[in-house]
Every structure is written in C-alpha cells, then in structure tokens.
Amino acid sequence: MYQLSVKDIERRNSLALQPGRTAFIDECGNFGFDFEAKGTSEAGGPS
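Per my numbering, the sequence shown starts with residue 115, numbered consecutively.
There are no misleading hints in this set.
Just the calculated beta-carbon pair ranges, DEER-fashion:
id	residue 1	residue 2	range
1	148	119	32 to 42 Å
2	118	145	30 to 40 Å
3	128	148	20 to 30 Å
4	142	115	44 to 54 Å
5	117	142	37 to 47 Å
6	125	145	20 to 30 Å
7	138	115	35 to 45 Å
8	142	119	34 to 44 Å
9	125	148	22 to 32 Å
10	142	122	32 to 42 Å
11	117	140	41 to 51 Å
12	116	137	20 to 30 Å
13	140	116	38 to 48 Å
25 Å max Cα-Cα, derived SDA-like pairs, lysine to any residue:
id	residue 1	residue 2
14	121	132
15	121	131
16	121	134
None of these hints come from the bench; they were simulated from the model. Ideal Cβ positions, reconstructed from N, Cα and C, are used throughout, including at glycine.
Construct all of the structure, not just a fragment, from the sequences and the given hints.
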C-alpha cells in the first residue's frame, strides 16, 4: 500500500504550477527550455 505524505502532496502541487516547457540541446551542446513549442503553455498546466 502506498501512502502520500504531506510533503509529497506539496511537491505535486508545486510541480503542477510550473509552466509547460520542452527541454532541448542544440547542435553546440547548449541546454535550454522552449516555452513556445507546441503542447506547452506559459500559464502552466495542459492545454
């Protein structure tokens, strides 16, 4: 049986508030996030 702690619930709620984004690594090896990619939302949460 799996039980959620208050800490687990707080973490889940904070992650749900984060904006949607797509991570990428470009040809030069730079890492970043693309907030404009299809399926992402700056308002946070699925669209």
